[in-house]
Amino acid sequence: MTAFPTTPRWIVLSDEAQALEDIYFFLPAMAALRKEGTRVERFETRRWKFSPKLAQARLTGACLLIARSLGREWIEMLETHREQHGRICYLVDHLYSPEPLAAEQDTSTPEAGSESEAAQLQQRLFVLADEIVVVSEQLEAALASLHPKVSLLTPPLTGKLPDLHHLEQSDWCIGFHGTLAHREDILTLAPVLRDIQTRHSDSEVELMMGRHLPLALSDIPRLKTMEAVSWEAFQDYCSRRRIAIGLAPLMENSDNHAASWLRFLDITRMGGVGIYSRRAPYVDLIEDGVDGLLVGDDPAEWTAALERLLGDRDATRAMAHNAQHKAHEVGDPLRVLDFWRARSTVARAR
Numbered sequence: 001m002t003a004f005p006t007t008p009r010w011i012v013l014s015d016e017a018q019a020l021e022d023i024y025f026f027l028p029a030m031a032a033l034r035k036e037g038t039r040v041e042r043f044e045t046r047r048w049k050f051s052p053k054l055a056q057a058r059l060t061g062a063c064l065l066i067a068r069s070l071g072r073e074w075i076e077m078l079e080t081h082r083e084q085h086g087r088i089c090y091l092v093d094h095l096y097s098p099e100p101l102a103a104e105q106d107t108s109t110p111e112a113g114s115e116s117e118a119a120q121l122q123q124r125l126f127v128l129a130d131e132i133v134v135v136s137e138q139l140e141a142a143l144a145s146l147h148p149k150v151s152l153l154t155p156p157l158t159g160k161l162p163d164l165h166h167l168e169q170s171d172w173c174i175g176f177h178g179t180l181a182h183r184e185d186i187l188t189l190a191p192v193l194r195d196i197q198t199r200h201s202d203s204e205v206e207l208m209m210g211r212h213l214p215l216a217l218s219d220i221p222r223l224k225t226m227e228a229v230s231w232e233a234f235q236d237y238c239s240r241r242r243i244a245i246g247l248a249p250l251m252e253n254s255d256n257h258a259a260s261w262l263r264f265l266d267i268t269r270m271g272g273v274g275i276y277s278r279r280a281p282y283v284d285l286i287e288d289g290v291d292g293l294l295v296g297d298d299p300a301e302w303t304a305a306l307e308r309l310l311g312d313r314d315a316t317r318a319m320a321h322n323a324q325h326k327a328h329e330v331g332d333p334l335r336v337l338d339f340w341r342a343r344s345t346v347a348r349a350r
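The sequence shown stops at residue 350 when you use UniProt numbering, and every number in between is there.
FYI, nobody ran anything at the bench for these hints, they're computed from the structure. Keep in mind that this is a model prediction, so the values were computed, not measured. Just so you know, even glycine gets a beta-carbon here, dropped at the ideal spot from N, CA and C. Treat the hints loosely; a few may be bogus.
Simulated restraints on C-beta separations [stated by the list, open to error]: (1) Glu-232 x Leu-180: 14 to 20 Å; (2) Met-226 x Gly-37: 40 to 46 Å; (3) Arg-46 x Gly-210: 50 to 56 Å; (4) Arg-335 x Trp-48: 31 to 37 Å; (5) Asp-312 x Arg-124: 49 to 55 Å; (6) Met-226 x Gln-120: 35 to 41 Å; (7) Glu-232 x Ala-181: 15 to 21 Å; (8) Gly-210 x Glu-16: 17 to 23 Å; (9) Asp-255 x Arg-47: 26 to 32 Å; (10) Leu-223 x Ser-151: 37 to 43 Å; (11) Ala-144 x Arg-199: 31 to 37 Å; (12) Leu-180 x Ala-31: 27 to 33 Å.
Think about it this way: if two alpha-carbon atoms lie no more than 20 Å apart in a straight line, the pair counts; the simulated EDC-like pairs of lysine to aspartate or glutamate are [said to hold, decoys possible]: (13) Lys-49 x Glu-83; (14) Lys-149 x Glu-83; (15) Lys-149 x Asp-171; (16) Lys-326 x Asp-297; (17) Lys-160 x Asp-15; (18) Lys-326 x Glu-83; (19) Lys-160 x Glu-83.
Construct the complete structure from the given sequences, taking the supplied hints into account.
Shown next, in the form of structure tokens:
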């Protein structure tokens with residue numbers, strides 16, 4: 001039986017999800033855990049030439065955090081030496097679909113093969129993990145029957161909230177700062193934004209899509225588009241950029257239904273009031289008309305919501321203040337610190 005060291009130790013086996021690791025572990029918890037005596041380090045698995053012997057020597061006795069994915073050789077090593085590690089937590093923000101598996105024998109695309117392979121590896125991580133940590137209630141429900149310990153960890157607020165002086169200015173910005181994964185969601189709103197911008201000369205639209213901007217969005221009046229940036233650069237941008245209205249569409253046919261409500265925190269950090277799709281994860285978070293607006297998929301509802309926020313600016317300012325209060329409440333980083341502090345033990349959960 002392996003004799004574990006008495007000093008708590010966390011190693012994050014980093015693959016391709018550093019933003020996820022930063023949001024849910026490093027930014028809210030690392031400094032405090034280290035101050036309390038816990039050793040915390042990030043092991044960037046793709047930058048090392050894999051050596052099972054050296055890797056095992058590095059990991060023995062540590063609690064491990066795996067975010068989203070991990071290379072096959074690392075999974076095999078962990079499976080072989082499972083009893084030599086402490087607790088393993090698997091942080092999940094996406095479920096890979098195994099559906100392409102049957103189609104691969106025919107003419108499936110490389111993307112389908114990659115997705116199905118990722119699904120296979122994810123299933124092995126489910127088996128390895130003592131605990132699956134999910135970022136949304138949707139994922140919690142989806143995994144409840146697949147693992148004995150699934151825990152919800154909602155996103156923390158990772159930066160300061162601004163004053164709202166920009167809402168006193170006459171020109172307002174309508175922003176959409178989703179990733180390219182949300183491309184189809186914002187495309188649905190192209191006619192809405194075109195119509196709003198035609199009728200309101202005191203607003204601009206900002207999209208973070210750069211060279212990937214779809215043609216259907218390119219003719220929106222007073223459109224500002226910028227290239228997608230790294231996670232670190234986006235955090236800096238949020239701290240400096242000010243918007244009045246943020247868009248968070250999540251349509252019925254969207255591929256992003258497992259998403260957390262991180263978009264609410266992003267919009268609030270930029271000083272805006274959000275318009276959110278009336279479905280999870282927003283429907284149980286946003287109080288409609290108090291700290292944001294909830295709308296259905298009908299473009300007419302999005303148009304009406306934008307008209308409401310642009311037309312009654314005093315009410316919009318009040319909602320922005322309320323959104324900040326909610327962000328402080330639901331995004332308290334101490335909640336995330338307590339979550340990981342309680343798991344900073346080598347004792348396995350099962």
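So, going through the hints one by one against the coordinates:
1. A hinted range of 14 to 20 Å holds for the C-beta pair Glu-232 and Leu-180, which are about 18 Å apart.
2. Checked against the given bound of 40 to 46 Å, the beta carbons of Met-226 and Gly-37, roughly 43 Å apart, stay inside it.
3. Range check, Arg-46 to Gly-210: Cβ separation about 26 Å, and the 50 to 56 Å hint is violated.
4. A hinted range of 31 to 37 Å for the beta carbons of Arg-335 and Trp-48 is consistent with their spacing of about 33 Å.
5. For the pair Asp-312 and Arg-124, the beta carbons lie near 53 Å from each other, so the given range of 49 to 55 Å is met.
6. Distance hint check: the CB atoms of Met-226 and Gln-120 are about 37 Å apart, consistent with the given range 35 to 41 Å.
7. A C-beta distance of roughly 19 Å is found between Glu-232 and Ala-181, which places it inside the suggested range of 15 to 21 Å.
8. Between Gly-210 and Glu-16 the beta carbon distance is about 21 Å. The supplied range of 17 to 23 Å therefore holds.
9. Evaluation of the 26 to 32 Å hint for Asp-255 and Arg-47 yields a pass: the beta carbon distance comes to about 30 Å.
10. Take Leu-223 and Ser-151: their Cβ atoms lie about 42 Å apart, and the range 37 to 43 Å holds.
11. A beta carbon spacing of about 47 Å between Ala-144 and Arg-199 contradicts the range 31 to 37 Å that was offered as a hint.
12. Between Leu-180 and Ala-31 the C-beta distance comes to about 32 Å, which sits within the given range of 27 to 33 Å.
13. For the hint pairing Lys-49 with Glu-83, the CA-to-CA distance comes to about 24 Å; that exceeds 20 Å, so the pair is violated.
14. The straight-line distance between the Cα atoms of Lys-149 and Glu-83 is roughly 18 Å, inside the 20 Å bound, and the hint therefore holds.
15. This hinted pair does not check out: Lys-149 and Asp-171 have alpha carbons roughly 49 Å apart, beyond 20 Å.
16. Restraint check for Lys-326 and Asp-297: not satisfied, since their Cα atoms lie roughly 25 Å apart, outside the 20 Å limit.
17. Using a Cα cut-off of 20 Å, the hinted pair Lys-160 and Asp-15 is violated, with the two alpha carbons roughly 28 Å apart.
18. Restraint check for Lys-326 and Glu-83: not satisfied, since their Cα atoms lie roughly 43 Å apart, outside the 20 Å limit.
19. Proposed proximity of Lys-160 and Glu-83 is contradicted: the alpha carbons are some 42 Å apart, above 20 Å.
Hint check: violations occur at hints 3, 11, 13, 15, 16, 17, 18, 19; the rest are consistent with the structure.
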